[in-house]
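For chain U, the structure is supplied; the task is to place chains V and W on it using the hints.
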Amino acid sequence: MSSRILPDFDLLLPKSLAEAVELLATHGQRITVMAGGTDVLVAMKFTQSPEYVMSLDGIPGLGYVVFDAAKGLRIGAKATIADLLAQPEVKQHYPALWHAAEIFATGQVRNTATVLGNLLRASPAGDCSCAIYAIGGKLILQRTDGRREVDIDDFWLSYGVTAREPDELAIELVLPPPAIGARSAFKRMTRTNDDLSKLNVAVQLEMLGNTCVEARFAMGCVAPTPLRLRNTEALLKGREITAELLARLVESVPSEISPIDDKRSTAEYRRQVSGVLLKRAIEEACSAA
Amino acid sequence: MKDAAITLHINGEEHKLNVAVNRTLLEVLRDQLGMTETKYGCGTGECGACTVLVDDRAINSCLALAATMDGKRITTAAGFAHFGELNHIQQAFNDEAAIQCGYCTPGMIVKTASLLAKNPDPTEHEIRHALEGNICRCTGYEKIVKAVQKAARTAPGRTVKADAACQEVAQ
Amino acid sequence: MNAETIVGTSAQRVDVKDKATGQALYAADIQLPGMLYGKVVRCWEHAHARVVRLDLSQAAKSPGVVKVLGPADVTRNKYNSSVMDLMVSAQLHDMLGDIDDQDIFTTHVKYQGDAICGIIAKSEEAAERAAAKVIVEYEPLPVYLTAEASKQPDAVQFTPQKPGNRAFQLPEAMFPGNALGGGDVDAAMQDADIVVEDVFYVPKQKQCQMEPHAYIAKLDNAGRLTCWTSSQMPKLVQAKLAKLFELPMSRVKINATVIGGGFGARLGMISEPQACAMAMAVPGHPVKLQTLREEDWAISPSRHPGKYWMKIGLRKDGTPLACDARFENYKGAYYLDASGTAFTAGAWLGGMYKFPALRYKGESYFTNQGLTGAFRGYGNPQTNFALEQLIDRACAQVGADPVEWRKKWHKGVGDDGWCPGVTYPSCALDECLDRGAAAIDWAAKRRKYANQTGTKRRGVGCAVMNHTSGAMPMLLEHTVCTVKINEDATAEVVFACSDMGQGSHTALKQIAAETLGFPFGDVQLANPGSDAGFDIGAHASRTIYVGGAAVKAACEDAKRQLFARASEALQVPADQLDIRDKKIFAKSDPARSIDVESITRAGVYHFIDPMTGKPEGAPGQIQGYVSFFAPHNSPPFGASFAEVEVDTETGEVRVLELVNAHDIGRAINPAAVEGQLEGGIQQGLGFVLSEETYYDSQGRMLNNSFTDYKMFGPSDMPKIKTILVENADPVGPFGAKSVGESGLVSPVGAVANAIYHALGIQFMEAPITPEKVLKGINEKGLGGARERARAC
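Chains as they are written, first to last, in this note's numbering: chain U, -7 to 281; chain V, 162 to 332; chain W, 8 to 799.
Here chain U stands alone, though its shape is the one from the complex (with noise of 0.2 Å):
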């Protein structure tokens, strides 16, 4: 049962980043970082009562979403969804993200919830997740003694659980440039369009000509977090993509997956439309091209 009044809390509003770790190293567990706060406000509503609240609001600086054809994509703290669509760069070389990120939630949501955020929440759901995790990445995470590098395949521990500690920041993700022949998609299923997805795909694909030189999958909504499905991506790598080769994976997938019932869909079913859906995504992207 939620409230319609948010729990007591001390609100921090660092000025600086450097501002920022300090407080996350005084109060480290005690403290729940807010950036966009579409989740954490909801939470907040529901069961969560944190001491602190730390608001990114006040930092400079962390808004960005950057391209650069050899680094990559370099998405910052506080750049929100709408910031990432507002980036030509981002439909050209990274359909699968754009894709997510254009059916992400409601417009009033992607106005403020931020694609770092997305990532942190560690739903199985998270529609930008999925793209991310497909396309590959890995996050900054800044303290007060220096930052460190997590591969986004080594992020997400648990339902809801990261690698990030808890005197630490999140402040940047890097994408990596997009590779030669490079293709990705990104498909979902929900109830009704401004439903959280009940399962959702995204492919990245390198391609030399018709074969498949590289492949990453990411499943959501299948396992206690997002979920690469590695042996369906070794079915594909090496080799021409055929009908009788995507037949072979639309088998593959239901394997690698422990999907449950719930609120949206049923374990079954998304066993059952898992293979498909892939399927669709890996069809998808190689006709985009």
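You can trust all of the hints, since none of them are fake.
Straight-line Cα separation of at most 25 Å, SDA-like style, residue types lysine to any residue; simulated pairs:
hint : chain 1 : residue 1 : chain 2 : residue 2
1    : V       : K311      : W       : D22
2    : U       : K255      : W       : K782
3    : U       : K7        : V       : H176
4    : V       : K163      : U       : Q40
5    : U       : K7        : V       : E175
6    : W       : K129      : V       : Q193
7    : V       : K163      : U       : D49
8    : W       : K140      : U       : D2
9    : W       : K24       : V       : L247
10   : W       : K728      : V       : T284
11   : V       : K163      : W       : G71
12   : W       : K782      : U       : A215
13   : V       : K279      : U       : I95
14   : V       : K279      : U       : V58
15   : W       : K314      : U       : D253
16   : V       : K177      : U       : D49
17   : V       : K233      : U       : A78
18   : W       : K85       : W       : A97
19   : V       : K311      : W       : K728
20   : U       : K7        : V       : D216
21   : W       : K726      : V       : H286
22   : W       : K782      : W       : R400
23   : W       : K728      : V       : E287
24   : W       : K129      : U       : S(-5)
25   : V       : K233      : U       : G50
26   : W       : K728      : V       : R314
27   : W       : K24       : V       : P317
28   : W       : K463      : U       : T258
29   : W       : K782      : U       : S247
30   : W       : K85       : W       : A246
31   : V       : K177      : U       : D2
32   : V       : K279      : U       : V57
33   : W       : K779      : U       : T184
34   : U       : K83       : V       : R218
35   : W       : K782      : U       : D254
36   : U       : K7        : V       : K233
37   : W       : K463      : W       : K726
Calculated directly from the structure, the hints in this document are not laboratory data. Computed from a prediction, not measured in an experiment: that's the story for all the values here.
Chains V and W only, in chain U's frame:
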């Protein structure tokens, strides 16, 4: 901190306020300032009844802490009308019979303003996509979509349309 | 051609400026001096439990708390938050077995969200914080989520008044064999060449009106209780609260606030008893009670879910012979209007087709689900889902075109409507079917989609419906209306029936202006709540048909008085007078005329001419009045056509187009009528495809929010076409029949039948989700059943 001294520029007027940090922008508008045109519909950012513009971006005011809004420019549905004279969006909602119970209407109108500011000539698909965050249970959205189309057609200074809604917001 | 100039136009809504600017005041928007804030503490842990300990001491000490109220601190009188009991005679009331089984604060929790106690505090936040300090210990009881579970002999009894937890069945005294209908069903079924039958499940759909329930209540120093509420029925709520708190009605006042959508969710009372009980504990202070969305979800009644068994028999030439049906609904925790939907679901069934033999049994069982009650359509979408699918299955078996079969066998003028003995005065369903079929290109698409093989398959389906305009003769249909003519020849119409957002007050104002012969802008219409005369309230799609007839009659009464005075002044018999633009004139000689204002002014400012010593004109302010009882229920009819595309690999259904062609008699305000039909489509699509409130095994709601309960949004909606078939009804005001509820009904059957056409498979459980569709395809295959569906 538990309280924050902030300044909000709401519908062109400056408000210096002291707000408890756990107050949402919606609560401050409604309960502290008596601006009840912005509605509580769900409290969880799903229905859009509480949509306001913050520096020209449409957001759910139920999911924003007022304490983090210091210095921001905020526009509510009441900010579009001047002493009973409706603006072109409100007039279009009237003309197209797009208002029934009216509870979603202020949020719809604000959202429409933000859409038309960015995209003065939206397709029907773009309108429907843009309104996904505003639930209406009365109209089936049919007449609302028509109203947005009409608002786009009747925007003042249609030729310099990109800035039309922004200027209104600023007024 | 109609002679009217105001009726039949899409006049501007009276409330539009307030709503467009956000100035319209809904209950939660109202601020009063000295206001306190109430919070109802509810049981969220259990759906069935006894309260074994309630400790309010910590809550009472919480900062800002003014008072805490437990069950012992409020009246122990029981109540029934529905109003069905006030709409029937005492005799019928006893026969139906209506009971009062609700408490303001309970010690026996029967559903998740039942009210335990109340907090009154100086702020909403203080009330909220104190609520968290209330200590309640529960003894859990077994949870019954279905009729099958709660009717077991060893089940805990919800109330001693209803043994076996059967809240209602059609009473033997009125319905022999506890069944509605007539003819020998068993014999007729024996004669049938084709019998189709199935068991359907219909979902617990939620109204999801955008404004959550909110109230203000105040006991003033003169001992008068005032409640600001968005109830659809201010007068009946006044009567209910007076009875509950044992106050004379003169000391209970209802202020009708602007309503943010109803759809049945505001029929009768919801939390008015709790709000008023709190106000009575703090005389002199208004108490505001606002609900959370999830709380609104829990405490306001939903549509009745349940099992619907149905069997129909036909001759092989398609002649319908018999229909046998039984709807066992899961009533939820309290009685409310248990007799209502259990009856009406069968009434709509009986009113649709010419089955010579019909037997319908309706029963309501208590369960630990949330409450059920009124929801737009009131049993009709449930019946539509079952009946219309069986009709299409039968059509496939006898090789009949579903549209042609329906045209041939639907009931029409002179046949019994939903109430036996009350016949249809008008029916334009054939025209609805013809125009709807043309709009969707029925014949061509039925053929075109007959032999599809691809992944995505399309289908078109149709369904029809009948409804009602008011609830005469089953329920009281009484409306009082007064119209006061001001001295400047303007009019004020007073009437206690709420506008829930559908625009009824605009249409009623059109009727008033048209009848009086006054310009639209010179008429005001007000709903002062309980200060007005009696009115049953806004339900059963009655506001225009009954309320409009009452407004018309009151205005005619005023006009009659005006004409009598004009007749005197002009020396022309009243029946030879007419009125236009506020001028009364002789029909034969329009130059012989008198301004209405000269009559009305002389009536109010009635002076003696100082020169002659004689009075100027006739004395007295003119007021029209009627205490109106509806003579009929002129049912509207409708036909819906849907085109869908089904993804056979994922089971996803996309509705491409929906046509709603409705026989509404006459559109008083066409834009508002279209709005009703368009909005109805959104709710009908939800019923059949996406909407259902569901529970875990312990009766806790899993999707009581817009996050988890999904309605069709703007980009989910199909292309829509509404067709208004205007065939004036001989009874309704200006020929109007109802439109409020009917728009959502037949889209239900039309979509289900379109899916049947696309796949050759029918789905017996609503909503038809992709999960169910895919399961159906996997189990039944796309081949076998196709031929039957393609028979035509």
